[in-house]
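Listed here are the chains, written in short residue letters.
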Amino acid sequence: VSSTVTPTMPREAGDVPGAGGSPAQARRRRRLLDGWGLLVVPLVAFLLVVFVAPLVSVLARSFTDPTTGLGNYRDFFGSPVYLDVLGNTFRISGLVTLVTLLLGFPYAYLMTLAPPFWRNLMLVAVLIPFWTSLLVRTFAWVLMLGDTGVVNQFLMSIGLIDEPTQLIRNQTGVLIGMVQVMLPYAVLPLFATMRQIDRRLVQAAEGLGARPISAFWRVYAPLTLPGVAASCLLVFISSIGFYVTPALLGGPKDMMIGELIVQQLSAVLRWGFASALAVILLLVTAALLLVVSRFVNIGKFMGGER
Amino acid sequence: VGRPGPEDAHQGGGGALGQGGGRHDQAGLPERLREVPRPGRVRQGQLGRRRGRAELRAHRLRQGLGREARHRRRRHEHLNPEEVTDCAIPVLEYAFTIGYNTDTFAKAHPTTWAEFFDTKRFPGKRGFWKYATGAIFEAALLADGVQPDALYPLDIDRAFKKLDTIKDDIVFYETGEQQQQLVASGEAPLVQAWNGRIYSAAKEGQPVANEWNQHLLSYDQLVIPKGAKNAANAQKWMKWYVEHPEAQAGYSNATAYGPITQAALEYVKPDVLAELPTSPENAPKRAAIIDYAWWADNYDAVSERLNEWASQ
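Protein sequence lines, in the order shown, are assigned to chains Y and G. Sequential numbering from 16 applies to the first sequence in the working numbering. Sequential numbering from 6 applies to the second sequence in the working numbering.
FYI, nobody ran anything at the bench for these hints, they're computed from the structure. The beta-carbon is built from N, C-alpha and C at its ideal position, and this holds for glycine as well. Take these hints with a grain of salt, some might be off.
What the hints assert, rightly or not - Here are the simulated DSBU-like cross-link-like pairs (lysine-lysine), alpha carbons at most 35 Å apart as the crow flies: (1) G:Lys112 with G:Lys125; (2) G:Lys241 with Y:Lys268; (3) G:Lys244 with G:Lys234; (4) G:Lys125 with G:Lys172; (5) G:Lys166 with Y:Lys268; (6) G:Lys231 with G:Lys241; (7) G:Lys172 with Y:Lys268; (8) G:Lys244 with G:Lys274; (9) G:Lys172 with G:Lys112.
Claimed, not checked - Stretch-level coverage of chain Y by chain G, calculated; a stretch enters the list once three of its residues show a Cβ under 8 Å from a Cβ in chain G: (10) 160–167; (11) 257–267.
Could you build the full structure based on these sequences and the hints that come with them?
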């Protein structure tokens, strides 16, 4: 029954994780550093140049531009408008995460049940938008959801509504656009987790007298949790940085922090303030991750450790 | 991002103007201008082209940017003096016009900003550029009855009061493509437009047109950052451009943005001429010219208020 290894099992029964004291492992580790370890040098150098260095300069700028001190941060926390934008960012990202999970979970589940042909078809259906340019998709939504867009025209032509329903330039538009973009990020980790779950566990539960629904919720669903956590995390973190979609599909009330940063950078030229915004976003996100990591093992869900 | 329409004229160009296409490149331009004062950091684009807001930037650049960019006025007697400053010369003119959908308003369309703000007579959404220098305040004040020659200093409180009256009908757009799409689809049958955008949409067969009455004139300028490596060459090119009306006209023919000298008009194609703010027909319809000196001092504060107002 080796294929029934669930993602949580290696930790308990796997190949001595965490027991770093074994001499064999220490040897292996040393060897890694000696030879093959050097292969990471280009990547590390690359990250130093294109990620760490700019990050440090952003951090420095947030404290020094236009004057040295905490002025930029004071401006941010002193204005309800900016705090609103930060609140919007997390609210919208949270909603997007919730909706993609609600849509993605049953979809991924259905994929595990479907025969190969249909499963592949469902996979392609998820991936095609994934391969399409974000900008193209977002503009397509503008054409679909506008007052004169396809959706409203259709609903009016069949007499369901008399006036166009506002589907764009508000939160609805942002959610529709972002959920579509993020759906593959929710479905794929969920599917990857679910396909590894041995369905015989559910059968066993039913064989022992569980009703199908409780077998699903008490046996199957908990086993999907790593996938659920991975997809939520991936969707949420990606959503926080969205810029194009809320800018085109949202109204001024739905401004997210990415848009504010762009505005401060290129319209008002307040680079120090824009840097401070980026730093605040980074810190708040890191703090959130820290809180989450107290409850779930993020590294494991993201495939970072076994 | 932070500036109006003519941007796409330069797509794929770049080169001497240090200006590539696309929004991201534009966002990079201020960086280049900001960074130059530091020794050894001059980048290839010595000639920064500011979109009608050189004055606006100038006040930020003043500490760093010396007067290397200053041009002797005698060279510019044929330029519009309103558009020449110590630090910059104009490179093109454009106008904030009333852009309207010709299907929605087949019989009558707004011909003044007052009518533009009249949602009873002309129902439908109104598109405005989301940034403060999009002439939204100028239009609101004209609509409220302020005399064109008394526009500046702008009475921002009064403008907001006027804007409050149509707030629910306002759609803010970010890009020129959005502007065209909004007005052409009828989503926002009225937009405060960039004349070249409406022209190019109309040329593609979209049901849109410019109303030139009460247009607000604006312009893009050229500046040379202090310490630029090829400043002398850049000045040579500027001089050449100013002295060659046929070159300016070529620019206009491609974009429907106006040349900077009257002499260029004779080289402009007639159908383009009709859509230029500089044409003999349209020039008298101008309400005012955007005062970027005023905006240089007030842009940040007004921007913040506009953001706040829009997000409520």
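Each hint tested on the structure:
Distance hint between lysine 112 of chain G and lysine 125 of chain G is fulfilled; the C-alpha atoms sit about 16 Å from each other, no more than 35 Å. A distance of roughly 48 Å separates the Cα atoms of lysine 241 of chain G and lysine 268 of chain Y; the hinted pair therefore is violated under the 35 Å criterion. A C-alpha spacing of about 18 Å is found between lysine 244 of chain G and lysine 234 of chain G, which places the hinted pair at or below 35 Å, so the restraint holds. This hinted pair checks out: lysine 125 of chain G and lysine 172 of chain G have alpha carbons roughly 14 Å apart, not beyond 35 Å.
Taking the CA atoms of lysine 166 of chain G and lysine 268 of chain Y, the gap is near 19 Å; set against the 35 Å cutoff, the hint holds. With a CA separation close to 16 Å, the supplied pair lysine 231 of chain G and lysine 241 of chain G stays within the 35 Å bound. For the suggested pair lysine 172 of chain G and lysine 268 of chain Y, the alpha carbons sit about 13 Å apart, so the restraint of at most 35 Å is met. Restraint check: the Cα-Cα separation between lysine 244 of chain G and lysine 274 of chain G comes to about 24 Å, which is no more than 35 Å; the hinted pair holds.
Restraint check for lysine 172 of chain G and lysine 112 of chain G: satisfied, since their Cα atoms lie roughly 26 Å apart, inside the 35 Å limit. With a threshold of 8 Å between beta carbons, the proposed coverage of the stretch 160–167 of chain Y by chain G holds, since 4 of its residues qualify and at least three are required. With 4 residues carrying a beta carbon less than 8 Å from a beta carbon of chain G, the stretch 257–267 of chain Y meets the three-residue requirement, and the given coverage holds.
Against the hints set out earlier in the document, a violation occurs for number 2 only.
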